[in-house]
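Enquirer: Letter by letter, the chains look like this.
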Amino acid sequence: MPLVVVAIIILLAMGVGLLSLGFNSRIYTLRNASDIKARCAADAGLTMALFEMNEKLKVKPWNDSTLPYAENVKLPHYDATCSYKVINSSAGVYIVQSFGKSGNANRGVVATIKLQSGFSHAILTEEQLVLKSNTIVDGYNSANPKDKEFVVDIGSQSNANDSVVLNMGVVVKGDVFVATGADLDDAIKGAGTVTGSKYTSTPEPLPPVTAPVLPARPAINLTGQTLSLTTADSGSYPEIYLRQLVVTEGKGKEEVTTTTPSIIEVSGGDVVLHLTGDIQLENSCEIIVKEDASLTIYTDGNIHTRNSSSISTENPPEEATSIQIYTTGQDKQFIDIKAKSAFTGTIYAPEDDVVLYAKGDAYGSVVAKSFNYMAGGNFYFDEALRENVSVDDDAVIFVVNRWYESGPKFSADIQSLEMVSLLEADPVK
Amino acid sequence: MIVDKKGPVIRKGFTLVELMITTVVMLIVGLAIGVVIVDGQTGWNTMYDRLNSDVVTDGYVARKKFDNVMRSASRAQSLVAADGSWVEVYSYASPSSTKVDRYSRFYVSDGDLNLEYGQLDPRATLSVDTVCGNVAACTFKQVGASIQMTLTLHNETQTNTIVSSAVSHNQ
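Each protein sequence line maps, in turn, to chains A and B.
Straight run, no breaks: the first sequence in our numbering ends on number 429.
Straight run, no breaks: the second sequence in our numbering ends on number 1171.
Hint data in this document are derived by calculation from the structure and do not stem from the laboratory.
Wrong hints could be hidden among the right ones.
[Stated by the list, open to error] Some chain A residues well away from chain B (every beta-carbon gap over 12 Å; in silico):
#1 P68
#2 V73
#3 Q128
#4 N159
#5 M168
#6 A179
#7 E204
#8 Y241
#9 G268
[To be verified] Below, in silico cross-link-like pairs of lysine-lysine (DSS-like), each with a Cα-Cα straight-line distance of 30 Å or less:
#10 K1065(B) / K58(A)
#11 K198(A) / K1065(B)
#12 K1065(B) / K173(A)
#13 K198(A) / K359(A)
#14 K146(A) / K359(A)
#15 K148(A) / K132(A)
#16 K114(A) / K1065(B)
#17 K198(A) / K1099(B)
#18 K1099(B) / K114(A)
#19 K198(A) / K114(A)
Glycine included, each C-beta is placed from N, C-alpha and C at the ideal position.
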């Protein structure tokens, strides 16, 4: 009998031990799962706040009198809630606090966000980027000529083979990147030289651009004429078609043919054109932006520039914002731009193919689905495009600048970057 | 009156057969209880090991460390070895840093998962920490915007494989 009692006691003890171990294991697992859920919820809150800020950006002019704020937002199909709040700090920086809660677990993140220009890179493509032989890619800063330390990079958001083709003699004085998942040796091809590093990068969102509402104007069809456009001529045009006038006089050996190209001169301020159709420049026709002016084109159609035609600025190089071209059409567009000498400007066509052929150098930045640089000269990125960003610019978005894990409560004290610095400064150490 | 003082015969003790049967039954019961106890103890030990052995706790530590480093890294740039044997990410030393100035590299050496931490420009190693030992295999790969670590830890008795994935958040 005592033996049986002892055995029962031992078995009971073991049973309790096993149950306890299992129970503790279960509690530990639940806590771990809740912690991960809370962390993901905090990340989701930050994403939602960022989305709301970018939605606000679409409304011009910018108004930050009310900033995104929400508490205990139930995440769909997910056992967690998030709360987020955006504040405009005393340092003029937007700070997002976001907290996730799942069960008893609470996790928080705090991030500073900043405006990112659509032209943060010298050349950015969604698919293939091809540079012709002997092109040098370098930088300059139109806003600060004394700045000689340029951060120049070109890349593709594709991870396919041959995403970036650097032909013989190409020198990129900076970095070259492709999308994550790419094999660098296969994705970046050619015998060109990269002075910086080659790396993979997370693809960036490239927001679509919407043309502003402008007064409707008749189509511009010129044959051997010169037309001057000023700010008063800003408007929505169905088409721009420039042809050269060809006049033949005499007969036989006496026959003389004279050609007069059509020219559009943009002067006297910022001219904004919305093209609902194509822009076509026949042989030798030009669009010239004078020194005191800038030209912004939103086009729903294609741009074709034939041999010896040109879209250029009068005295390049200068501010790359002198010529800005945005594609705004719903259908696939094709942008073919030529310049008789240098080309200075920006092209934003993330869904469209772009070919640039300038007899001189090209200055500015290009964002395209695919880009083929066939110019006779080099490509220089205007670093001012990256640095001078305004909420009223096109193709800008808010992105997370600095990100830290934080406590699980809104803090009214976080009003400046200095306060943010009090949070975990170096997460690795 | 004649009284028969002879009562019924009372037998004291057990027969040999009874004793043998009882002994056999006791042996069977004792063995059964012993087997149950030993089996229970073995099960408890196995379960305890599964929850608290070094490969499990090391895996937990490795996952947390990987998570912290990756989530705080710059999303602009990362390097993963072609064979997935190492990963390198970049980060800011402090909020006042204007550009990424630190690197963190996870790699395996002599059965240990190491984290090398250093400065950029000029590149110099600041520290090398051993995250965990008992590493049987470790591969890194980029999956979309995240970096994934598949770590297999093995001691003499147990194998633990963990898969951790993290997205970098910093500029």
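Enquirer: Could you run down the list of hints and mark each one as holding or not?
Expert: Hint by hint, here is what the structure shows:
no.: 1; hint: P68; result: holds (18 Å)
no.: 2; hint: V73; result: holds (20 Å)
no.: 3; hint: Q128; result: holds (21 Å)
no.: 4; hint: N159; result: violated (9 Å)
no.: 5; hint: M168; result: holds (25 Å)
no.: 6; hint: A179; result: violated (9 Å)
no.: 7; hint: E204; result: violated (9 Å)
no.: 8; hint: Y241; result: holds (43 Å)
no.: 9; hint: G268; result: holds (39 Å)
no.: 10; hint: K1065(B) / K58(A); result: violated (39 Å)
no.: 11; hint: K198(A) / K1065(B); result: holds (27 Å)
no.: 12; hint: K1065(B) / K173(A); result: violated (35 Å)
no.: 13; hint: K198(A) / K359(A); result: holds (29 Å)
no.: 14; hint: K146(A) / K359(A); result: holds (27 Å)
no.: 15; hint: K148(A) / K132(A); result: holds (25 Å)
no.: 16; hint: K114(A) / K1065(B); result: holds (28 Å)
no.: 17; hint: K198(A) / K1099(B); result: holds (18 Å)
no.: 18; hint: K1099(B) / K114(A); result: holds (15 Å)
no.: 19; hint: K198(A) / K114(A); result: holds (26 Å)
Hints 4, 6, 7, 10 and 12 from the list above are not met by this structure, while the remaining hints are.
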